[in-house]
Structure formats: C-alpha cells, structure tokens
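Visitor: These protein sequence lines map, in sequence, to chains A, B and C. Mapping of the first sequence onto the numbering used here: residues 1 to 240, in sequence order. Mapping of the second sequence onto the numbering used here: residues 241 to 368, in sequence order. Mapping of the third sequence onto the numbering used here: residues 369 to 924, in sequence order.
Worth flagging that the hints you see were computed from the coordinates, not collected in a lab. We treat Cβ as the ideally placed atom computed from N, Cα and C, and that holds for glycine. Since no wrong hints were added, every one of them can be taken at face value.
In silico lysine to aspartate or glutamate, DMTMM-like type, Cα no more than 25 Å apart, as pairs:
no.	chain 1	residue 1	chain 2	residue 2
1	C	Lys446	C	Glu435
2	B	Lys366	A	Glu169
3	C	Lys652	C	Glu794
4	C	Lys652	C	Glu912
5	B	Lys366	C	Glu611
6	C	Lys722	C	Glu913
Far from chain C by the CB rule (all over 12 Å, computed), these chain B residues:
no.	residue
7	His265
8	Val266
9	Pro268
10	Ala278
11	Val287
12	Ala288
13	Gly295
14	Ser296
15	Ala297
16	Val301
17	Arg321
18	Ala365
19	Lys366
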Amino acid sequence: MATFAARHAPEHAAPPPGEGSAFLAVQFEDMGTQLATGKLGIWLFLASEVLFFSGLFLAYAVYRAHHPELFRYASLFLDWRLGAANTVVLVSSSLSAAWSVRAAQLGDRRGLAISLVLTLALAATFMVVKYFEYSHKLHNGVGWGAACHPSPEILASLPAAARALPVPEHLGTFFSVYYLMTGLHGIHVLVGMALFVWLLARVRRGHFGPGYWGPVDAVALYWHLVDMIWIFLFPLFYLI
Amino acid sequence: MGPPVNVPELRASSAHPAPAHGAPHVLPRSALLGTAAALFALTAVTVAAARLDLGSASVAVALAIATVKASLVALFFMHLRYEHRFHLVVLVGAVLFAVLFGAFVLFDTAQYQPDLRARETAERAKVR
Amino acid sequence: MTSQPAAVSPETHVTDSYLEHGRGVRSWALTLDHKRIGIMYLVAIGAALLLGGVFALVLRMNLWRPEGGLVSNDAYNKLFTLHGAVMIFLFVIPGIPAALGNFVVPLQLGAKDLAFPRVNLLSFWLFVVGAVLFVVTLVVGGLDTGWTLYPPYSLEESRGLGILIALAAVFLAGFSSILTGLNFIATIHRMRPPGMGWFGLPLFLWALYATGVIQIIATPVLGITAAMGFLERIFHLGLFMPEYGGDPVLFQHFFWFYSHPAVYIMILPAMGIVSEVVSVFSRKPIFGYRFIAMSSIAIAVIGFLVWGHHMFVSGQSRWASVAFSFLTLLVAIPSAIKTFNWLATMYKGAIVLKTPMVYVLTFFAIFAVGGLTGLFLGSLATDVPLHDTYFVVAHFHFVMVGAVMTAFLAGLHYWWPKMTGRMYDETVGVISAALVFLGFNLTFVPQFLAGTLGMPRRYATYSPAFVTHNRLSTVGAFVLAAGLLLALAGLLASLRRGRRAPANPWGAASLEWATSSPPSHHNFDRTPRAGKPYDYSELRLVSEEAGWVRAGTEGR
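Excised from the complex, chain A in its bound form (with noise of 0.2 Å):
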C-alpha cells in the first residue's frame, strides 16, 4: 500500500482528487463514511469516559456533602495560582489541538506540525507543575486516606483563619478524593501525549491532509474531554 506522500507530490497544495484514498478502510463505501462513523466512534468513547469519570465526581460530591466544612478547609491546601496556571495551560493546549485539526483539513503540513508540539509541550507543562504539586504535599505527609498527617510546616503555610482550627479527622478523604480525581485526570494526559507523539511520527510521513485527517481529529476530541474534566476539576479543589 503506497504511501500518502509517494503517491502525492508534497508540493501540492490542493489535494488531487482521490486523495486520502489510501487510507480507506476496506469496510467503508467511500471517505465520508470512513470519517463520519470514526467521528461517532469517537464520541461514543468520550461517552464511556464522562460515565467512569462521574463516578469520582459523585464520591466527591457525597462526601463534600457530608463533610463542606472539610472540604473547605482541605481546599486551602492547594495552591489556586498553580492551578489557575495549568487551567491556563490546558486551555491554551486544546487551541492548539483545535488549530492542528484545521491545519490537517486545511493541508497545511507545517502548521499541523508544530501546533501538535505545542499542544505536547504544554501537556509536559501540565505534567511537571503536577508534579511539583504532588510531591510538595507528599513530603509534606499528605498523603491520602489513613495516611495523611500533615507537617507542621505546610500547616504554617495555610492561611490565618485555618492554622487556628484543629486539623480534622477525616483530612484524608479529602485527599483520597483529590489524588484518586487529579491522578486519573493525570494518566489521561500522559495517553494523550503519548497519542500526540503518535500523530507526530505520521505527519512526519506525511499521512494527514485534506483528503484524511481522522485520527488528527479523534485525538483532538480526546484531548478536549482531557480538557474539559479539568475545567471542573480545579474550581471543585482548588477554589471552593
């Protein structure tokens, strides 16, 4: 099976017709079909994914309902400004996934190219404040469930009005619910970059343009769900 750049000569800009047509799967009538169903596929998925998310959303909404005065006080151990900054970041991150769709559809081969890095560079970016985030309370002793004993040092760090309150008994849900939420969210973004770095090598090789772009799009729309959990995640932990 040629390849998409043997059988087009990359100069061109408009695709010839046909084009694409290497990559139509022998179970699809024509590339329409191909991209329709993918797309649908593709949203099913982000279905089953906000299902297995809203069972954590619902742990920590029973428990925070159970426990507000908990959940407020533990939410001051979070630093908002790192968490406003990796909104930021995951934000900016999903303009760029959007843009490489349209650079894909568009045929413009650099500009897929390097809206994919950046996407992947601030995915890293994400990762590495997550971890200076993490590993801060885990030397800290904050750990989760039976296992959270914060320091006196980050308890010296919280605000006033919480250092002259007892530290409460049940701290550590909060934290199961914070690490068990943020964790998963976290391995999401590392399969994202993973399947980013994937996208990579196929443009190197020339695959995506306007005649096919499918997966480009797939793994956009993955990485927007990424996104979106996010968006919830850090107002519920980091804000309130």
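Starting from the structure of chain A, add chains B and C where the hints point.
Guide: Frame of chain A; chains B and C shown alone:
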C-alpha cells in the same frame, strides 16, 4: 484486504448523511481564538468569584461557570455547533445519565447519613 | 427497477470461505475478520459456560445433603462466588453480542465488516485476559465474597490477593464490553446499506443497538468502581471502608448502577434473537415491529432507573426504596409488549418446529415466569422477606439461564448453518432442547418453593426441611447438563457429518441469508440492496438441500 467497493450509485444514501467528500467543516480562526479568549476570561471570573464570600452558593456558582466553559469547548473546539446533532445527543445523554446517577445517590445518602453521624457521635460519647 | 437482494446460487459448496482464507494460528489470533473474531469468542464463551457449569454441579452435589460435606464450607463459598462471576462476566453478558452479534451484524447490514475491526480484536483479547485473571483467582486461594464483591468484607486485609485479581478482571472484561457496544452502535448507525432506513433494520440489530447504549453508559461505572475498590484495598482511601471513614452502601449504589442495566445487556440481545426466529419459523412478518423496536430502547432507558431494588435491605433510605420499587414495576411494561407481539406473530402462522423455534417456545414459558417473579422482588413489601432467599436465585436463573441461555441456543442453532456451512441434526437438536427445558425447570422451580419457605441463598448447609427441594434441584441440574452436552455434541458432530448448508436453509429474508453458507472472506460480492427483513412472500423452497431462494432466481 480486498479492493474497496467503489460503486458510485451506492455512495449517497440516507443511511449515512456524511459531509460531502472534500468539504469538511473547518473551524474559522476567529472561532478558535474567540473561544480561547472567552475561556481565559471565564477562568479569571471563577477565580474572582471564589474570593467573594458567597457561602453555600459558591459551589453552584463555580459549577455554573465551569459548565459554561465546558460548553464552549464542546460547541466550538469540538465542533458540536457545526456537526450532526447526534454527536451532541451522545454527549448530553451521557451527562444526563451521570446526573441521574448522582441525583439518586445524593438523595439516598442525604437520607441515611444523619443516622450514621448520630450513631458515630453516640459511640464516641460512650467511649468517653 | 425492482429492488432485490443479490441473487445467490443455491449451489452449496463454497470455495473461498472465511474459514479457509488464511491458515495458521497467527491468521486467527491477529484476524480483523469479524466472523473469525465471533468464532473465537464463541469458543471462549463456551469454555466459560463449561467452567461455570462445572462449579454449578459441584455446588448442587454439595447441596444433596443438608449438612453438606462434599467440599468444605469455605470452598463452597469460593465456588459460588466464582460460579457467579464466571457465568455473569464471561458468559451471559458477552455471550450473544460477542459470539453471535459479531458474526451476524455486518452480514445483516450487507457490510464487509464492523466499523472498527481492530477495536473488535482488542475487545476479544481484553476478554481473554479478563477471563484468565478470573481463573487465576482460583489458584491464589480463591474469593469467597459472592460475585457482588461487597465491602467491607471483600476489602479486608485477610481476603488475600484474590479480590485484587478479580477487580482487575472485572475492569478488563468491562472495557471489552464497552468496545463491543461502541462498535455495534457505530456500525448500525452509519453503515446501513441503500434502502435500509431505521425501520428496515432486522430487530436483532435494534436489540444490539439498545444493548450498546447500555454497555457504553453503564459499564464505565463498573470500571471506576473496580478501580476504586482496588485502590481502597491497597491504599485505604476511606471511600468504602467504614474503619477509614468510608461508606459501604455507596459501593452498592455504584455497583448496581451498572449491574442492574447489565441484566438488560443480557436479555435485550436474547429478545432480538427471539424476534428473528419467531417470525421466520411462523412464516409471518413480525407483529408490531415498531413497538418491539421502541420497547428495546425503552427497556434500555428505564433499566437505568431501578438499581436500588437490589438494595432494599442494605440501609438505603425508605424514600429511595419506594422510588426504586415504583420504577421497577414500570420496566415490566415494554417486556410485556414484546411478549404479546411475539405471540401475535405466531397467531395463524405456519409454525415450523425446528430446533431454534423449539428453544424460542420454551423461552416464552420461562421468560414469562422469570419476568413475573421479578414483580414480587421489585415490590418493596414482598421483597423484604424474599431477599437473599432461593426465590431470588430462582428468579435470576429463570431470566439469565432459562431466557438468555435458551435464546442463545436458539440463535446458535439458527445461525449455525451460516457460520459453519453445515446443518446440525434436527432430532438431536430437538431432544437436547427438550432435555434443557425439563432439566432447567426441575432445577429451578423447587428453588422458588424453597425460597418462599425461607431457605437462604449462599449457604453451604441448610435445614432438613428443604431436603426434597434440593435433591430435585440437583437431579434437575444434571439433566440440564446432559441436555447442554447433547446440544454441544450434536453441533460439533455436524462439523464432520452434517449436510452441507445452503445459503438460506430457513427461508429468512434478512441479508445474512443472501450470501453463501459460510460466507466468503469479504461477505458479499457487492453491497446488496436491502429488502424488508420479514417479508417472506417472494421466497420459495427449492429443496431441503438447496434451501430457499427468491422467486425468479431458481434457474440461475
């Protein structure tokens, strides 16, 4: 892998009203940048709102702003505004089922949690 | 120009069948052909049925005596746990969609394959790994929590490794199920042939579409529950374990949010098969097509609103229980609609008592009882004394075994000629169906009675008052096993000795019968144009050997 079926009269069909080949919807630059700008702005808004003392409304306000942000991502970045309505049905349907799940469980735990707390308090009193 | 499905010569010997296209283990293990994946699933699911069945027979033998003694009480607990887990996760849930649906769905759509063949293969291997993990739990000391894995008991330190392996197995098997549902929905939604609108779909496809919706929405919640349980056990997160501040009833909510809709994942495909078979073997179009199609969607949706009926005595609040009880009674309505439509299909039809139809007739009787006994359990007041008794055990075996497994056997015999190119022996088929029906009722009817008299479930020993019930049940279990083994033997024998099957041995009108038996690698030479799936008016029987053809094509 056999050769693809290429029978022209079979391509157009009510079974798959796919976008016409060669003319996918491309998101305009203005929509991309406008959406991003709105998302940054709303991030600032939600941070600011958290600094205000809204009491028990703070959760609802935070969730409302987050929902608006998520809707912008879905409608624009994810093309839902321009595509087959069925994709929107899939997303909204998933969210609705999740909300249903949450509503029933929160309703139930709200009913029995007070009994658990009362028992916990009583047991602690006994120990002392 | 009249629209007719592609004419198929009645000649029965196929030269490039999918079975011969590529040889060797690798060509099967890495196949993207939905037909081969379906066959592999059939073998794996059959193995799961055998394993779960062996556990069942050991349980029933232990229950011969009130004081037990065949195995230790601890071993008994491990056996019923694994019997439940293997049967539910590895047989009943995947069974019809994976083993039969994978094979049939693209054929009924006139398509060359499912939408996502590689996802299909991934789905299969995830299933296999999950299945292996369940078996591994046996080796590491087993699991005695019941298939429902409730904490706090299941997540205590002294449970050993079995729970962690089981939770991992559940997670992987669940992911397999999600991917199957995703594949079916995308395929049915976007890959219909020209002329096949939504109300031109065979009802089996409506059933699998509705099933796919449940698989996608419900199964992820099981996945996250398994992950949370896994992490709770290792890290003491305090989500489900009271000693760390958690709520065990929360686990039950999470677990049953999936596990109740899961029973509709089991029954909807079975109902789809019944719709196909009852129409073909009554030689009449299905009665109330739209009602049956819509009721599948209704069952899928309402099925999400009732999970609390498993939790009436768990500590769930009274108001929640009342709400769930009321909603549970609603879900009976669409099932009843289907049943009346099926019976109306048979009315004044020309009934053909071949094996698939015999199984379907037994399905009607058993499903009616199974469904009606669900009403006793769904009603709050009557459930309280019946909860955790053998009444519950009998109810769910009536629907899961008596209805789902029976429909699976109906479908297996119905599509066997298409899948293998061979006709099974009808006499053996009908005798095994009769044995299965007899054995099934002998096994489970006494359990209804024992349950109403108070015999608890999951007990290795019991009061001597229940001896007769248990012994009848044990005998019945062996008769059921004999019927199943006979059915298996008959099907396997047909591979060597069965008459070669024509393209359309039953005179059905859906598209899978418009291609050879077995199909070639790419299913159809050209995409067929869809006709009406239940219109038999143009089909003529040439001979038993040549099967049925469309009028006007006999000469070709």
